[in-house]
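Engineer: First to last, the protein sequences are chains S and R.
Going from the first sequence to my numbering is simple: count from 1 and add 70.
Going from the second sequence to my numbering is simple: count from 1 and add 207.
Treat the hints with caution; some may be incorrect.
What the hints assert, rightly or not - Simulated DEER-style distance windows between Cβ atoms:
no.: 1; chain 1: R; residue 1: G234; chain 2: S; residue 2: N75; range: 34 to 40 Å
no.: 2; chain 1: R; residue 1: D665; chain 2: S; residue 2: G485; range: 18 to 24 Å
no.: 3; chain 1: R; residue 1: A691; chain 2: S; residue 2: R260; range: 56 to 62 Å
no.: 4; chain 1: S; residue 1: R260; chain 2: R; residue 2: Q740; range: 35 to 41 Å
no.: 5; chain 1: R; residue 1: D416; chain 2: S; residue 2: G485; range: 35 to 41 Å
no.: 6; chain 1: S; residue 1: V231; chain 2: R; residue 2: A691; range: 28 to 34 Å
Think of the hints as simulated: they come from the structure by calculation, not from any bench.
Ideal Cβ placement from N, Cα and C applies to all residues, glycine included.
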Amino acid sequence: MFAQNDTITALSTPTGEGAIGIIRLSGPKSIDIVDDLFKGKNLRKQGANTIHFGSLFSPKGDFLDEVLVSLFRAPKSYTGEDIVEISCHGSAYILTQVLDAMIQSGARLANPGEFTMRAFLNGKMDLAQAEAVADLIASQNQAAHAMAINQLKGGISEEMVRLREKLIEFASLIELELDFGEEDVEFADRQQLLTLLEDTTLKIKGLLDSFQLGNAIKKGVHTVIVGRPNAGKSTLLNSLLQEERAIVSDIPGTTRDTIQERLNINGVEFRLIDTAGIREATDTIEAIGIERTFAEVDKSSIILYIFDAAHLSAKEVAQDIEMLAKKNNAILLVANKMDLVKDKATIYHSDAYPILHISAKAKTDTEQIKSGLYGMIASSNIDPSAPIISNVRHLEALQNALNSLATVKEGLEVGLSGDLIALDIRTTIHHLGEVTGSISTDDLLDSIFRNFCIGK
Amino acid sequence: MFQEYDVIVVGAGHAGSEAAVAAANLGSKVLLVTMNMETIAKMSCNPAMGGVAKGQIVREIDALGGYSGIVTDHTMIQFRMLNLSKGPAMWSPRAQSDRMKFSWKWRLMLEAHPNIDFWQEMVVGILAKDGRAYGVKTSLGLEIKAKKVILTNGTFLNGIIHIGEKALGGGRASEKASKGITEQLVNLGFESGRMKTGTPPRVDGRTLDYDRMTIQLGDENPAKFSYTDTPKLVNQTPCYITYTSAEVHDTLREGFERSPMFAGRIQGVGPRYCPSIEDKVERFSGRDRHQLFVEPEGAETHEVYVNGFSSSLPEDVQFKALRQIAGFENAKMFRPGYAIEYDYFPPTQLKLTLETRLIKNLYFAGQINGTTGYEEAAAQGLMAGYNAHLAIQEEAPFILKRSEAYIGVLIDDLITKGTDEPYRMFTSRAEYRILLRQDNADLRLTPKADALGVMNMDERMKKVREKEQAIVEIGNFLKETSVAPVDIASYLESLNSAPLTQKMKIHKVLLRPHVQVSGLRQNLPELDKMLSQFHPEAVDSAEIAIKYKGYIQKEQEMVDKINRLERVRLPEELDYLEVNSLSAEAREKLQKIRPENIGQASRISGVSPADISVLLVLMGR
Numbered sequence: 071m072f073a074q075n076d077t078i079t080a081l082s083t084p085t086g087e088g089a090i091g092i093i094r095l096s097g098p099k100s101i102d103i104v105d106d107l108f109k110g111k112n113l114r115k116q117g118a119n120t121i122h123f124g125s126l127f128s129p130k131g132d133f134l135d136e137v138l139v140s141l142f143r144a145p146k147s148y149t150g151e152d153i154v155e156i157s158c159h160g161s162a163y164i165l166t167q168v169l170d171a172m173i174q175s176g177a178r179l180a181n182p183g184e185f186t187m188r189a190f191l192n193g194k195m196d197l198a199q200a201e202a203v204a205d206l207i208a209s210q211n212q213a214a215h216a217m218a219i220n221q222l223k224g225g226i227s228e229e230m231v232r233l234r235e236k237l238i239e240f241a242s243l244i245e246l247e248l249d250f251g252e253e254d255v256e257f258a259d260r261q262q263l264l265t266l267l268e269d270t271t272l273k274i275k276g277l278l279d280s281f282q283l284g285n286a287i288k289k290g291v292h293t294v295i296v297g298r299p300n301a302g303k304s305t306l307l308n309s310l311l312q313e314e315r316a317i318v319s320d321i322p323g324t325t326r327d328t329i330q331e332r333l334n335i336n337g338v339e340f341r342l343i344d345t346a347g348i349r350e351a352t353d354t355i356e357a358i359g360i361e362r363t364f365a366e367v368d369k370s371s372i373i374l375y376i377f378d379a380a381h382l383s384a385k386e387v388a389q390d391i392e393m394l395a396k397k398n399n400a401i402l403l404v405a406n407k408m409d410l411v412k413d414k415a416t417i418y419h420s421d422a423y424p425i426l427h428i429s430a431k432a433k434t435d436t437e438q439i440k441s442g443l444y445g446m447i448a449s450s451n452i453d454p455s456a457p458i459i460s461n462v463r464h465l466e467a468l469q470n471a472l473n474s475l476a477t478v479k480e481g482l483e484v485g486l487s488g489d490l491i492a493l494d495i496r497t498t499i500h501h502l503g504e505v506t507g508s509i510s511t512d513d514l515l516d517s518i519f520r521n522f523c524i525g526k
Numbered sequence: 208m209f210q211e212y213d214v215i216v217v218g219a220g221h222a223g224s225e226a227a228v229a230a231a232n233l234g235s236k237v238l239l240v241t242m243n244m245e246t247i248a249k250m251s252c253n254p255a256m257g258g259v260a261k262g263q264i265v266r267e268i269d270a271l272g273g274y275s276g277i278v279t280d281h282t283m284i285q286f287r288m289l290n291l292s293k294g295p296a297m298w299s300p301r302a303q304s305d306r307m308k309f310s311w312k313w314r315l316m317l318e319a320h321p322n323i324d325f326w327q328e329m330v331v332g333i334l335a336k337d338g339r340a341y342g343v344k345t346s347l348g349l350e351i352k353a354k355k356v357i358l359t360n361g362t363f364l365n366g367i368i369h370i371g372e373k374a375l376g377g378g379r380a381s382e383k384a385s386k387g388i389t390e391q392l393v394n395l396g397f398e399s400g401r402m403k404t405g406t407p408p409r410v411d412g413r414t415l416d417y418d419r420m421t422i423q424l425g426d427e428n429p430a431k432f433s434y435t436d437t438p439k440l441v442n443q444t445p446c447y448i449t450y451t452s453a454e455v456h457d458t459l460r461e462g463f464e465r466s467p468m469f470a471g472r473i474q475g476v477g478p479r480y481c482p483s484i485e486d487k488v489e490r491f492s493g494r495d496r497h498q499l500f501v502e503p504e505g506a507e508t509h510e511v512y513v514n515g516f517s518s519s520l521p522e523d524v525q526f527k528a529l530r531q532i533a534g535f536e537n538a539k540m541f542r543p544g545y546a547i548e549y550d551y552f553p554p555t556q557l558k559l560t561l562e563t564r565l566i567k568n569l570y571f572a573g574q575i576n577g578t579t580g581y582e583e584a585a586a587q588g589l590m591a592g593y594n595a596h597l598a599i600q601e602e603a604p605f606i607l608k609r610s611e612a613y614i615g616v617l618i619d620d621l622i623t624k625g626t627d628e629p630y631r632m633f634t635s636r637a638e639y640r641i642l643l644r645q646d647n648a649d650l651r652l653t654p655k656a657d658a659l660g661v662m663n664m665d666e667r668m669k670k671v672r673e674k675e676q677a678i679v680e681i682g683n684f685l686k687e688t689s690v691a692p693v694d695i696a697s698y699l700e701s702l703n704s705a706p707l708t709q710k711m712k713i714h715k716v717l718l719r720p721h722v723q724v725s726g727l728r729q730n731l732p733e734l735d736k737m738l739s740q741f742h743p744e745a746v747d748s749a750e751i752a753i754k755y756k757g758y759i760q761k762e763q764e765m766v767d768k769i770n771r772l773e774r775v776r777l778p779e780e781l782d783y784l785e786v787n788s789l790s791a792e793a794r795e796k797l798q799k800i801r802p803e804n805i806g807q808a809s810r811i812s813g814v815s816p817a818d819i820s821v822l823l824v825l826m827g828r
């Protein structure tokens with residue numbers, strides 16, 4: 071009756087040729103199916119977590135390959151079901167034949183993500199963890215990998231537990247007043263509530279901030295290179311990418327975007343976007359180019375603003391920065407062509423933004439820029455080892471929660487009646503329920519009865 | 208000696224009385240069996256009806272055609288609308304009742320009903336065969352037959368009363384306990400448990416010094432519980448507030464070693480929100496005083512109820528401690544407080560109709576289901592009564608949703624979550640309390656009762672239609688009529704609200720925080736004239752509908768969302784133990800509670816959102 075009572079199979083290593091390839095089966099018939107086609111030990115009688123060498127045949131009896139078979143028995147397996155992994159030689163032909171053999175013997179080709187879904191359905195992991203698995207598989211760099219591992223281990227959940235406690239405290243104080251207004255207990259005053267609300271808001275904001283980093287780590291940090299014409303944007307990009315190119319072009323089938331380049335610095339991936347120079351619109355076509363530049367600026371996490379230190383006055387630089395800074399992103403300033411500057415005191419400087427001084431032609435200067443870019447990530451006010459929100463579902467929930475918390479605050483400030491404030495809090499709790507786990511009335515009442523003497 | 212009845216109701220407390228009325232009002236022939244006809248609808252504990260959340264329930268019972276609201280209106284001696292500053296969803300009517308008159312009025316109303324017969328005797332068991340109940344057996348050995356049996360035994364099943372080191376069998380002070388029913392039901396396969404509750408001492412009001420206490424008066428303009436034309440309360444009796452002291456607590460502590468609670472002689476679970484005074488002293492030892500409400504038991508009697516001083520300490524300790532309370536120095540005690548332990552049946556064994564899953568035709572209502580409170584009991588009685596009748600007629604059951612009534616919340620909580628301590632209603636238990644207000648119980652529920660075919664609903668329905676019409680008319684008037692800045696300048700200033708700069712429609716002004724119709728009409732004769740042609744309750748409802756429109760809509764949207772889950776039905780034969788993907792706890796709970804839909808499943812404690820995803824996948828969503 072239930073979909074997950076059948077046995078699924080799939081190729082678990084990438085398609086294409088490799089030294090070995092692995093076919094995986096999960097479900098109640100996994101062991102039977104493989105054992106029927108396997109010549110070697112009787113797999114049905116073998117224990118959990120064992121590996122066996124033998125020959126594999128098609129249902130018609132044709133020899134397919136010499137294989138290693140790994141057995142995992144329910145519930146101690148990834149999916150919580152019986153699992154068999156067949157390690158074959160990595161030829162695409164053999165792998166297809168083996169997969170066919172499994173399907174002919176009663177296994178069903180798994181849907182994308184179905185192994186993980188079964189693990190979730192069998193209670194082997196919660197939703198956040200299941201999502202982390204998807205991220206882990208897709209992770210393309212070291213930082214994304216570390217983040218997915220952290221989430222998989224339940225890192226997010228711990229931070230959420232603390233957030234949840236704060237919310238329970240807050241909501242139960244409101245409920246106390248509503249249900250036990252006749253009791254002789256001390257009610258929280260508005261100021262106390264506002265302080266507690268502020269705490270909660272900060273916690274959520276912290277998590278939201280971490281999303282920007284989390285998402286950046288997962289997808290690459292969106293970095294836009296901006297500057298006036300001839301500031302040295304293209305030269306900079308080229309020298310930054312010099313050593314990367316060999317690696318990138320090694321991957322077959324990689325489509326090279328002409329304006330977007332990937333750069334890996336200390337395990338964090340940056341996506342570099344070159345733009346048309348700003349301040350050069352003398353006709354409509356150029357104007358379109360500038361419009362595009364600002365569209366890119368809007369999307370970016372980091373703005374790398376480069377200027378010709380020898381030719382651009384401090385005032386002009388300040389104008390550019392003022393225009394860019396409105397966009398509310400992190401800005402890294404790069405003063406280029408330092409070797410041509412006569413009076414270093416006249417160069418633009420600011421305490422608000424980090425500034426690097428380079429002469430684009432010197433090799434060492436690209437290293438300086440790389441560590442400058444990496445520093446933008448590392449210096450953001452997020453502890454890199456802290457749990458990070460990297461999931462859009464969580465982001466949405468947190469953002470909705472933040473919005474309804476703002477309504478709560480507004481209500482408290484204008485003196486809205488308790489019934490309505492409570493509804494807004496419930497909305498907050500409802501949104502966060504997805505990430506914190508649900509908060510029930512019983513949780514609130516427990517908190518009230520624990521902390522206040524109720525009962526006349 | 209007896210005809211075959213449609214419905215036998217066992218027990219005539221608040222649940223039993225409402226159950227009898229409900230079935231009878233739909234046309235069933237009802238026999239009400241009670242151990243003592245002198246104690247019909249007796250208030251065993253405090254002489255009051257309503258309160259926060261409970262008041263809303265009484266309004267709902269009334270809107271559905273029950274009698275609790277009518278009886279309360281006829282016999283109250285003080286009325287207060289609680290929580291007036293907390294917003295209309297929190298307004299909660301509460302009445303101080305005349306204990307003896309309340310019981311008397313109930314009896315007269317039951318006697319007046321042509322479909323209700325009475326029999327005074329103890330029921331010792333139900334008649335059951337092949338998983339179906341068909342009547343009851345009494346202590347005289349009589350067998351009385353009926354199509355449906357509703358058990359409302361309150362605290363009487365194997366009741367034990369504790370006062371200090373003495374333990375006496377009894378269902379209330381000086382009333383004997385009921386034996387036999389629990390044992391039979393357990394033999395039939397029911398699970399039973401033990402609960403505990405308590406009541407404070409009663410004293411002679413003539414021996415109290417009220418000058419040492421704070422007076423608490425009723426509302427200047429008292430409202431009512433019933434939507435019908437019950438009499439308006441004229442003469443109100445005050446209550447008083449006083450406090451215990453460190454000295455009182457010391458005296459109580461001297462008796463702790465003789466306390467049945469602390470000595471472990473009481474095993475039943477008591478309510479956390481209604482602790483005994485010794486519990487409060489023990490658990491909140493940092494507090495040097497606790498509030499007490501001194502409540503009259505009636506307009507004429509001198510007996511007084513000491514609310515907040517519930518105790519099962521020995522009577523001499525109670526007496527000594529009482530006399531140390533401010534105003535109680537010369538108090539004479541009429542009756543000591545006591546604790547009572549009784550059997551209950553975890554309500555997860557019931558369907559949403561309150562019929563048991565194990566024995567067909569058998570219904571439970573009231574404290575037998577682990578609840579506490581007259582209002583909670585009465586509400587269950589009413590619903591069991593209606594459903595018993597509907598089942599006889601093979602009509603669709605009458606089930607209220609959580610978004611429709613506190614009664615819906617109450618029954619869904621009981622059936623879905625069960626309860627470990629005596630269950631009392633709190634507004635926080637309701638998800639949609641902006642919708643479930645005391646001012647609109649009639650609009651929400653009276654048409655439903657009318658559709659069921661409850662007798663004598665014509666007058667009620669006429670009032671509902673008039674009120675609906677009034678709300679529309681008032682709403683239109685407020686939307687169409689403008690107010691000049693000068694007319695309400697002083698009113699807005701008194702609220703610290705910005706003055707109007709130009710003419711504005713009244714309903715827009717009303718949307719401002721703190722602005723109320725009552726304040727506006729004092730300054731706008733035209734508005735006052737228009738509104739005075741309507742019932743004050745209709746004006747309230749119209750005001751709320753405008754002022755809270757945004758929030759009402761918000762809750763309505765939430766209701767619609769959750770209703771989508773409620774519509775995904777779970778098959779009755781589904782074997783949850785076979786669904787490996789559910790957590791072990793969810794499997795066990797779902798198997799036991801057997802929710803009717805995924806919405807209900809989502810409210811079961813131990814069923815996580817992941818389990819709900821599993822159920823949705825199973826149901827092909």
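Engineer: Each hint: holds or not?
Structural biologist: To see whether the hints hold, each was checked on the structure:
1. G234(R) to N75(S): 34 to 40 Å: 50 Å, violated
2. D665(R) to G485(S): 18 to 24 Å: 44 Å, violated
3. A691(R) to R260(S): 56 to 62 Å: 34 Å, violated
4. R260(S) to Q740(R): 35 to 41 Å: Since the Cβ atoms of R260(S) and Q740(R) sit about 39 Å apart, the hinted range of 35 to 41 Å holds.
5. D416(R) to G485(S): 35 to 41 Å: At roughly 40 Å between Cβ atoms, G485(S) and D416(R) fall inside 35 to 41 Å, so the hint holds.
6. V231(S) to A691(R): 28 to 34 Å: Roughly 56 Å apart at Cβ, these two residues miss the hinted range, so it is violated.
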